[in-house]
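Q: From just these sequences and the hints, can you work out the full model?
Sequence lines, in order, name chains A and B.
If you're matching positions, the first sequence starts at 1 in UniProt numbering and goes up one per residue.
If you're matching positions, the second sequence starts at 1 in UniProt numbering and goes up one per residue.
I should point out that these hints are in silico values taken from the structure, not numbers from a laboratory.
Be a bit skeptical, because a hint or two may be false.
Stretches of chain A that chain B covers, calculated by requiring three or more beta carbons in the stretch to come under 8 Å of a beta carbon on chain B [stated by the list, open to error]:
1) 44 to 57
2) 269 to 278
Part of the chain B face toward chain A, derived, beta carbon under 7 Å [claimed, not checked]:
3) P41
4) F214
5) Q236
Yeah, the Cβ is synthetic: ideal placement off N, Cα and C, and Gly gets one too.
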Amino acid sequence: MVTTDLAAPKAAAPQTRRRTHRAERLLAVAFLAPTVIGMALFVLLPIVASLLLAFFRWDIITSPEFVGFDNFVDIGADPTVRVAFINTILFVVIAVTLQLAVALGLAVLLETKMPRLLASFFRSAFFFPLILSAASVSLVASYLFNQDFGLVNVILGWVGLPNVPWLTSSAGAVTVVIAVYVWQNFGFSFLLFVGGLANVPREVYEAASMDGASGWHRFTRVTLPMISPTILVASVMAIISALQIFDQPYVLTRGGPGDSTRTAVMVIFQSAFRELEFGKASAIGIVLTLIIIGATYAQFRLSRRFVFYQ
Amino acid sequence: MTVDVRLPAAAPRSATSPLVRLRGLGRPVVLAAAAFLTLGPVVWTAWVALAPSGEGFGLSAFRDVFAQVDMVLLVWNSVLVTGLIAVGQMVTAAMAGYVFARIEFRGRELLFAVVLGTMMVPLQVTIVPVFMLIRGMGLADTLMALILPAIPTAFGTFLMRQFFLGLPGDLADAASIDGASPFRTFASVYAPLALPGMAIVGVLAFNYHWNEFFRPLILTVSEENFTLPLGLVSLQGNLGTGSMSTVLAGVVLSMLPALAVFVFGQRSLREGLTAGINK
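A: This is the structure in structure tokens:
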């Protein structure tokens with residue numbers, strides 16, 4: 001459009017202009033087709049199918065049977081599903097708090113004057129776990145936290161502490177899953193905070209120290225409000241991805257011991273691909289999505305009171 | 001949500017305290033400790049893989065992992081799946097992003113909003129119908145089952161649209177005055193300039209799909225279609241806890257390509273991961 005308008009006075013006669021226009025439309029259709037058709041087929045259609053499926057009982061072999069809200073009633077009554085959702089929410093609260101606190105603390109510390117090479121070494125180190133696969137990291141952790149020969153218990157032994165059944169006790173397993181998850185993911189929040197801190201104008205700090213603000217005061221009264229928009233984004237993204245945790249508990253504990261590390265996505269996987277209850281799995285998926293949407297919405301509502309935009 | 005934030009090193013103390021100097025020293029120490037905790041497990045993994053207990057340094061664990069599983073096949077599957085997804089995403093995202101940035105048509109904003117909206121839907125909600133669709137297409141338990149659904153990319157399209165919006169528009173005017181067709185304008189003027197943006201899309205796709213576990217676990221059944229993470233997890237299951245160094249040798253091998261991306265594409269990865277957030 002823009003091209004034809006600008007080119008019109010000299011170069012293009014009306015005919016060529018129309019031809020260019022048609023060629024442009026053809027290009028638009030051809031170029032959009034793979035993405036748009038792909039999304040319709042692999043995202044939009046499955047969303048609709050999932051919404052419908054939640055109201056049916058289907059094991060893929062026999063024909064689907066309409067059961068109304070039975071699947072939702074079922075999952076409300078199923079103790080395993082209930083425990084899995086409670087686990088997931090507790091996990092999100094603890095893991096996301098830790099992840100953001102560690103990330104922000106390290107990002108602030110990195111603001112200290114230091115040689116550039118050292119700063120970039122730290123930045124790379126904290127970023128590194130992001131490039132690994134959660135499955136591999138969990139494999140490594142399953143050896144590190146092995147009760148009998150794992151390095152963690154060996155080190156605890158050196159300082160005279162007792163042997164901890166990390167993966168075979170509920171509290172231990174939950175701790176390891178949280179630790180492994182935070183270890184791998186704090187780097188992402190860290191990156192966001194480093195970017196956010198870089199955007200805080202120096203003069204604000206200078207004015208604050210001239211008013212006699214000490215380190216801690218400066219952090220709570222200046223830094224936090226100034227980067228509150230970044231905190232919002234980082235916490236929204238961290239919560240959305242933590243609600244979908246699967247790889248770590250699957251590899252480390254398969255949800256055990258008992259149901260202590262079973263998560264929402266694990267019961268979706270279990271219902272669909274182990275018990276062949278596809279309707280129930282869809283219903284759990286919808287509940288999880290509603291929780292994700294609800295949590296995100298709540299954060300943006302709350303943020304109106306706490307987030308300060310420059 | 002209010003976020004509970006504590007700063008580890010700096011406690012509120014009076015400025016005259018003798019601890020002030022120590023606190024200044026504390027900051028690098030905390031950073032170094034955090035870096036040690038981050039990199040330590042990785043170094044330990046490589047150490048155990050290279051020096052299985054009591055044998056000194058050597059490649060025996062690597063020989064073992066090749067003997068225990070078909071590593072060559074696992075690596076090949078991962079390369080094929082990840083490579084085709086990355087190339088597919090780079091090409092389709094560049095094409096769609098170009099149209100959203102440069103060609104006006106009715107309903108463009110709405111269509112773009114729908115594409116972006118698909119990012120909000122978690123994978124777990126769509127995976128059951130995708131699994132059935134794949135079965136219906138006769139692709140169950142094939143590598144194509146992993147590749148095909150992963151090619152359309154909302155985030156990549158968004159990234160490429162931003163990238164094309166950042167390029168000067170008068171290049172297209174100049175090209176069209178010279179009589180170039182819209183396709184020529186794209187292929188010989190814009191596409192070459194968009195290569196850095198496509199690199200970001202490719203690096204992100206590589207990082208994500210090289211490491212992914214959930215989809216391969218569901219969409220593949222036979223070991224001959226496993227990708228590396230899945231193959232390693234099942235290797236650990238088969239071997240029990242006894243042959244740690246063998247499994248960790250496999251983990252080290254699976255890290256190498258990611259390491260290469262880290263060394264050569266860290267900037268692209270960082271830019272991609274934080275795209276549209278900090279600007």
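Q: Could you run down the list of hints and mark each one as holding or not?
A: We went through each hint and held it up to the structure:
1. A stretch counts as covered by a chain when three or more of its residues have a beta carbon under 8 Å from one of that chain; for the stretch 44 to 57 of chain A and chain B the count is 7, and the coverage holds.
2. For the stretch 269 to 278 of chain A, the assignment as covered by chain B holds, since 4 residues bring a beta-carbon within under 8 Å of that chain's beta-carbons and 3 suffice.
3. Taken as an interface hint, P41 (chain B) checks out: its beta carbon lies about 6 Å from the nearest beta carbon of chain A, inside 7 Å.
4. The beta carbon of F214 (chain B) comes within 6 Å of a beta carbon in chain A, closer than 7 Å, and the hint placing it at the interface holds.
5. The restraint placing Q236 (chain B) at the interface with chain A holds, with a minimum CB-CB distance near 6 Å, inside the 7 Å limit.
Against the hints set out earlier in the document, no violation occurs for any number.
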